[in-house]
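Read off the chains here:
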Amino acid sequence: MEILMAFVIGILFMSATYLMLSKSLLRIIVGTGLLSHGAHLLILTMGGLKRGSAPLLGEHADNYTDPLPQALILTAIVISFGVTAFFLVLAYRAYQELGTDNVEEMKGTEPND
Amino acid sequence: MTNLIVLPILIPLLTGAILIFLNKKIVAQRIVAVFSSILTMIAALFIVQKVHNEGIQSLNISSWEAPFGITLVSDMLSALLILTTSIIAFCCLLYSFKSIGEEREKHYYYSVFNFLLVGVNGAFTTGDIFNLFVFFEVMLMSSYVLLVLGGTKIQLRESIKYLLVNVISSALFVIAVAFLYSVVGTLTMAHISERVSQISADGMPGILTVIAVMFLIVFGLKGAIFPLYFWMPGSYYAPPAPVLALFGALLTKVGVYSITRTYTLFFYHDKGFAFQLLSILAILSIVVGVIGAIAYWDVKKIIIYNIIVAVGVILYGVSVMNPASIKGAVYYLIHDMIIKAALFFLVGIIINLTGSANLKKMSGLIGRYPGVGWTFFIASLALAGIPPLSGFVGKLLIVQGGFEGKSFFGAAIVLMSSLLVLFSVMKIFINGFWGQNQTYEGEEKAPVKWLLIAPVILVAISALYGVNSEAILPYIAQAADTLVDPQIYIEAVLKE
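If you're matching them up, the sequences are chains A and B in order. Heads up, the first sequence is in this note's numbering, so the first residue is 1 and it goes up one at a time. Heads up, the second sequence is in this note's numbering, so the first residue is 114 and it goes up one at a time.
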């Protein structure tokens, strides 16, 4: 199971890298989304995918899945939500002000205005 | 007061929260911000004294025993860094009052400023690798906002680049933590260190080297080492002077601190590959930084490239890993935080006066602004490491460590870099302050006397830090002891 997950995560990272190297700003943001999906799945996989009950003590199971990676993922998810929301608004503002979403055109030497 | 070490995180956090409610009342905001930064400074002084007298302080949050809960650890290195951070923050606030502008102050500037300090102080204090990630994010999110606040074209453009680079490096951090967790099965730094030494007792397995290099890439992206520094010259060019000083003094140094912490605590077994790689990259950073610093005729760019040089010098000291070089690295780290903040303040004043960052458009400032001129002159000498000032002892110890560790080439590069660093800042002094006296538009409006307070305080501290090195070295030596012998750290945290 871990091997399959490793391949899937690898494909996610590959797509993310490809998208982030493109010119359109929105594609880059989609790339960051895929990158964080890959990272979160990787935490889950690296914690081990052995069979066990959901980590709720009410289940009275003999063994549970590892609760720590799930807590880490939950933290990482909300953080990347916050950053992505900020990034999207920043991209919107940049499009309004700069009039382009092509990162190739986002350069120049105008002084500090 | 077992909770003392949480105060440098808690005070800015509460202040930041309170300031949200005061967003239209600028005077009230300033008073609260200054008051809280003085409180933080006092708390930091107490922590330094306590760590000096009683050894490493560790605090288990909500009384969960060490490997299971989150532990905050304050050893001498983090205590000193927190003290330096709070001094710089205080000066930066003073500078902000007259330079940041009402528009930004009304839009939560001081609030975000305090949240940045929460992130930096937290990153210095934490004893948990995932908690370090969280504090990194606190720091980075605040830095995104501070970078873009004001919304000019250059800020928007450079924020996009800065944000993208940091999103990628944060994802890599998560990946690196996931790999490390799968190998050692724990997240508390002291416990990781213990498990890593058990695993590598019979030969360093390859996977630990891979993780070590991943951490180097992650923190190198934050700390701007070669070849991961490419985002910095552009991004640091965009924000206004006080924000730039805060970034230049604190943000990259958190990356440097994290490399130092992880390499001396987790990966110290791997002298063969990881440390050699660190050493090579540090030397290349010095070379690249020096080339950039002497190439530009732009005052901001020159100082920005000097950050890369300093990061290289500090990490070279860490990579040699003997007591002298580590002591030198710690000494130089603190010196560099102070002096970079002072230089960015001064550069901000110069740009404020002349209305341009181009060296070719300015001259003769010393005639009318001798205070600015001589402060800049002393700051430049301190940056290059001229003996009575603060840059000297650190570089001396690093070079001494390099020679003791038979790393002659690196030590020679560090020495030569000082010469070129001196050249790059003297270029600003000679072209900007000497020569034909000329007048500039908007010069009268610049509140030079007020703005000069912050850099003068910092340069005075830097001079005292250099002159009193005898009195300060015991503290530095205590910080270096923990880094050279991680056992002290592990015992203090796990209480075996």
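Don't take every hint at face value.
Unchecked claim - Derived DEER-like restraints, expressed as beta-carbon distance ranges:
#1 A/Ser24 <-> B/Thr115: 29 to 35 angstroms
#2 B/Phe148 <-> A/His60: 52 to 58 angstroms
#3 B/Gly214 <-> A/Asn102: 28 to 34 angstroms
#4 B/Gln389 <-> A/Arg27: 44 to 50 angstroms
#5 B/Trp177 <-> A/Asn63: 21 to 27 angstroms
#6 A/Gly10 <-> B/Pro340: 22 to 28 angstroms
#7 B/Gly168 <-> A/Thr100: 55 to 61 angstroms
#8 A/Asp62 <-> B/Lys137: 21 to 27 angstroms
To be verified - Below are the DSSO-like pairs computed for lysine-lysine, each with C-alpha atoms no more than 30 angstroms apart in a straight line:
#9 B/Lys219 <-> B/Lys274
#10 B/Lys540 <-> B/Lys219
#11 B/Lys384 <-> A/Lys107
#12 A/Lys107 <-> A/Lys23
#13 B/Lys138 <-> B/Lys266
#14 A/Lys23 <-> B/Lys274
#15 A/Lys23 <-> B/Lys519
#16 B/Lys608 <-> B/Lys474
#17 B/Lys384 <-> B/Lys608
#18 B/Lys211 <-> B/Lys540
#19 B/Lys163 <-> B/Lys219
#20 A/Lys107 <-> B/Lys266
#21 B/Lys211 <-> B/Lys274
#22 B/Lys138 <-> B/Lys562
#23 B/Lys211 <-> B/Lys608
#24 B/Lys473 <-> A/Lys107
#25 B/Lys274 <-> A/Lys107
#26 B/Lys211 <-> B/Lys163
#27 B/Lys137 <-> A/Lys107
#28 B/Lys540 <-> B/Lys562
#29 B/Lys473 <-> B/Lys608
If you are wondering where the hints come from, they were derived from the structure by calculation, not from laboratory data. C-beta atoms are modelled at their ideal positions from N, C-alpha and C, and glycine is treated no differently.
Tested hints:
no. : hint                                      : result
1   : A/Ser24 <-> B/Thr115: 29 to 35 angstroms  : violated, 53 angstroms
2   : B/Phe148 <-> A/His60: 52 to 58 angstroms  : holds, 54 angstroms
3   : B/Gly214 <-> A/Asn102: 28 to 34 angstroms : holds, 31 angstroms
4   : B/Gln389 <-> A/Arg27: 44 to 50 angstroms  : violated, 38 angstroms
5   : B/Trp177 <-> A/Asn63: 21 to 27 angstroms  : holds, 22 angstroms
6   : A/Gly10 <-> B/Pro340: 22 to 28 angstroms  : holds, 24 angstroms
7   : B/Gly168 <-> A/Thr100: 55 to 61 angstroms : holds, 57 angstroms
8   : A/Asp62 <-> B/Lys137: 21 to 27 angstroms  : violated, 60 angstroms
9   : B/Lys219 <-> B/Lys274                     : holds, 26 angstroms
10  : B/Lys540 <-> B/Lys219                     : violated, 38 angstroms
11  : B/Lys384 <-> A/Lys107                     : violated, 42 angstroms
12  : A/Lys107 <-> A/Lys23                      : holds, 13 angstroms
13  : B/Lys138 <-> B/Lys266                     : holds, 28 angstroms
14  : A/Lys23 <-> B/Lys274                      : holds, 13 angstroms
15  : A/Lys23 <-> B/Lys519                      : violated, 47 angstroms
16  : B/Lys608 <-> B/Lys474                     : violated, 61 angstroms
17  : B/Lys384 <-> B/Lys608                     : holds, 28 angstroms
18  : B/Lys211 <-> B/Lys540                     : holds, 28 angstroms
19  : B/Lys163 <-> B/Lys219                     : violated, 38 angstroms
20  : A/Lys107 <-> B/Lys266                     : holds, 10 angstroms
21  : B/Lys211 <-> B/Lys274                     : holds, 29 angstroms
22  : B/Lys138 <-> B/Lys562                     : holds, 25 angstroms
23  : B/Lys211 <-> B/Lys608                     : violated, 49 angstroms
24  : B/Lys473 <-> A/Lys107                     : holds, 23 angstroms
25  : B/Lys274 <-> A/Lys107                     : holds, 11 angstroms
26  : B/Lys211 <-> B/Lys163                     : violated, 36 angstroms
27  : B/Lys137 <-> A/Lys107                     : violated, 35 angstroms
28  : B/Lys540 <-> B/Lys562                     : holds, 24 angstroms
29  : B/Lys473 <-> B/Lys608                     : violated, 60 angstroms
Violated hints, in rising order: 1, 4, 8, 10, 11, 15, 16, 19, 23, 26, 27, 29; the structure is consistent with all others.
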